[in-house]
Amino acid sequence: MDVEDIEIQLFVRAMQLRHGYDFSDYAPASLKRRVQQLVRTHDTGTISELNRRVLHEAGFQSRVIEGLSVPVSEMFRDPAVFRALRDKVFPVLASYPEINIWQAGCAHGQEVYSLAILLEEAGLYERSRIYATDFNDAALAVAAEGIYATREARDWSRNYMEAGGSHSLSDYYSARYDFIKLDQRLRRNVTFFNHNLVTDDVFCEAHLILCRNVLIYFSNTLQDRTLGLFRQSLVRGGFLCLGTRENIDFSPSASEFTDVDHALRIYQVGGAGARQLNK
Amino acid sequence: MIPHKAIVIGCSAGGLNALQVLLPLLDPRLAVPVVICCHTGSADVSLLVELLARHATLPVVEANERAPVDPGVIHVAPSGYHLLVEENFHFSLSVDARVAYARPSIDVLFETAADAWREHLVAVLMTGANSDGAHGLAAVRRAGGFAIVQDPRSAEADVMPLAGLSIAGADACLELSAIASLLNELCLP
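As they're listed, the protein sequences go chains U and P.
Letter by letter, the first sequence follows residues 1 to 279 of our numbering.
Letter by letter, the second sequence follows residues 280 to 468 of our numbering.
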């Protein structure tokens with residue numbers, strides 16, 4: 001076994017024993033890259049030196065967590081997904097007097113605001129509650145602020161139009177110099193809080209769960225456990241939306257989900273017909 | 280001689296044309312996986328998969344998250360995601376930051392493939408207008424794998440092969456048809 005692989009195992013143990021974060025069931029290849037990135041960011045030279053700081057330096061773990069949960073997203077990423085949510089999922093949600101939505105792994109919150117806008121335009125937002133969770137407190141703070149760099153936001157207006165938005169995205173933010181700030185009224189039914197998919201449990205009865213490009217970092221075992229958690233959290237007929245390239249064919253828990261739109265990875269608990277297995 | 284068990288290919292500008300020359304020349308009896316990272320700039324890689332499948336001698340598919348890296352199949356990295364090879368020879372994806380302005384990044388594919396296959400890997404870096412892949416190629420060589428760079432003089436865009444040669448060097452530097460012959464020679468049982 002090479003030295004670096006041993007160091008990574010020690011890193012995982014240190015985070016677990018010292019700080020209670022369990023990365024042991026993360027997909028190894030991307031975890032390794034992120035740990036190597038941490039070494040560069042904090043200029044520690046070796047992973048062993050990084051481990052020393054994890055063990056001995058007060059507060060260092062939160063900077064490690066920030067580095068291990070690299071939040072990259074955009075508003076209305078994969079517009080077709082948001083269009084399908086609006087056209088296929090919202091009409092069902094409209095039949096509930098109260099709508100609970102869980103955005104799991106919300107990172108910097110771009111999708112939370114996207115969803116709030118779509119719900120607003122569909123006339124459903126007043127009776128919706130969005131639980132936006134992440135295990136990275138720094139990311140949650142950014143999400144709650146809703147401030148993004150203008151250069152990041154370049155494509156968002158086009159995404160919004162392609163997603164079937166009925167206004168102009170600029171109606172929902174104010175632009176200042178190099179930043180845009182989302183209208184804080186969009187936050188009125190959003191609750192941001194810390195939840196770790198690896199270790200925390202069910203906390204709500206949801207009608208829709210969005211968790212896009214989070215499970216791709218998990219091993220099959222942890223993916224299956226998390227899909228089980230989603231299954232338990234969803235009402236019968238509730239919806240699950242994953243990233244468009246995610247594969248749940250290896251998860252026993254996935255057998256309870258049926259396809260609403262396979263290409264866009266929108267599933268339903270129960271629902272008509274068995275899920276088409278793709279190879 | 281070390282048996283070669285997998286081929287990874289990276290390309291960018293001019294990559295579609297280069298792949299359309301290279302893939303039809305691969306021996307259909309090749310029983311190793313071929314994994315391609317080609318920057319397309321398109322949001323959907325299915326068009327590239329379709330174009331390559333027309334003339335390739337082996338089946339061409341989009342690499343499927345969590346699925347095994349099947350031998351005798353050409354796997355193409357999906358758009359917008361890094362494609363990684365796990366040490367158990369299954370694919371995984373990430374949406375981590377772009378590497379060398381690219382996602383999928385050739386460096387990410389080559390480095391993880393080098394960890395998985397080590398000296399049994401053959402990596403090919405071809406035409407492209409940026410330097411993605413050069414560090415990945417260096418990782419392949421450090422792990423004992425075989426590095427092939429397209430002769431920059433024969434490449435539609437020479438920045439990528441030149442960067443590969445200057446940062447990693449190569450075990451062979453050839454034009455496309457010679458690359459295909461060498462791959463067949465290295466990887467046929």
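There could be a bad hint or two in this list.
Simulated DEER-style distance windows between Cβ atoms [what the hints assert, rightly or not]:
1) P:A322 / U:I147: 22 to 32 Å
2) U:M1 / P:A451: 25 to 35 Å
3) P:A408 / U:P91: 19 to 29 Å
4) U:T199 / P:A322: 28 to 38 Å
5) P:V340 / U:A80: 48 to 58 Å
6) U:V92 / P:N296: 44 to 54 Å
7) U:S24 / P:A376: 16 to 26 Å
8) P:A408 / U:R236: 24 to 34 Å
9) U:T41 / P:I446: 53 to 63 Å
10) P:A322 / U:S174: 41 to 51 Å
11) P:V340 / U:F203: 53 to 63 Å
12) U:V92 / P:G423: 47 to 57 Å
13) U:M1 / P:I446: 41 to 51 Å
14) P:P303 / U:F193: 54 to 64 Å
Just so you know, these hints were derived from the structure itself, not from any lab.
In this text the structure is predicted, and so the values were computed from the model without any measurement.
Glycine included, every Cβ here is placed at the ideal spot set by N, Cα and C.
Is it true that the C-beta distance of A322 (chain P) to S174 (chain U) lies inside 41 to 51 Å, as the hint says? The hint (41 to 51 Å, Cβ to Cβ) is violated, given that A322 (chain P) and S174 (chain U) are roughly 29 Å apart.
Okay, V340 (chain P) versus A80 (chain U) on CB: inside 48 to 58 Å? violated (21 Å)
Assessment of proposed distance window 53 to 63 Å (beta carbons of T41 (chain U), I446 (chain P)): About 22 Å separates the Cβ atoms of T41 (chain U) and I446 (chain P), which means 53 to 63 Å is violated.
Verdict for S24 (chain U), A376 (chain P) (Cβ pair) under range 16 to 26 Å: holds (24 Å)
That 28 to 38 Å hint for T199 (chain U) and A322 (chain P) (C-beta), does it hold up? Given a distance of about 35 Å, which is inside 28 to 38 Å, the answer is holds.
So does A322 (chain P) sit 22 to 32 Å from I147 (chain U), Cβ to Cβ? For I147 (chain U) against A322 (chain P), whose Cβ atoms are near 26 Å apart, the range 22 to 32 Å holds.
Do the Cβ positions of V340 (chain P) and F203 (chain U) conform to the proposed distance bound of 53 to 63 Å? Since V340 (chain P) and F203 (chain U) have Cβ atoms about 39 Å apart, the given range 53 to 63 Å is violated.
Does the Cβ distance between P303 (chain P) and F193 (chain U) fall inside 54 to 64 Å? holds (55 Å)
At the C-beta level, are M1 (chain U) and A451 (chain P) separated by a distance inside 25 to 35 Å? holds (31 Å)
Go ahead and decide if the range 19 to 29 Å is satisfied by the Cβ distance of A408 (chain P) to P91 (chain U). violated (47 Å)
Range hint compliance [Cβ, V92 (chain U) to G423 (chain P), 47 to 57 Å]: Given about 55 Å between the Cβ atoms, the range holds.
Do the beta carbons of V92 (chain U) and N296 (chain P) sit within 44 to 54 Å of each other? holds (47 Å)
Violation of the numbered hints given earlier is confined to hints 3, 5, 8, 9, 10, 11, 13; the remaining hints are satisfied by the structure.
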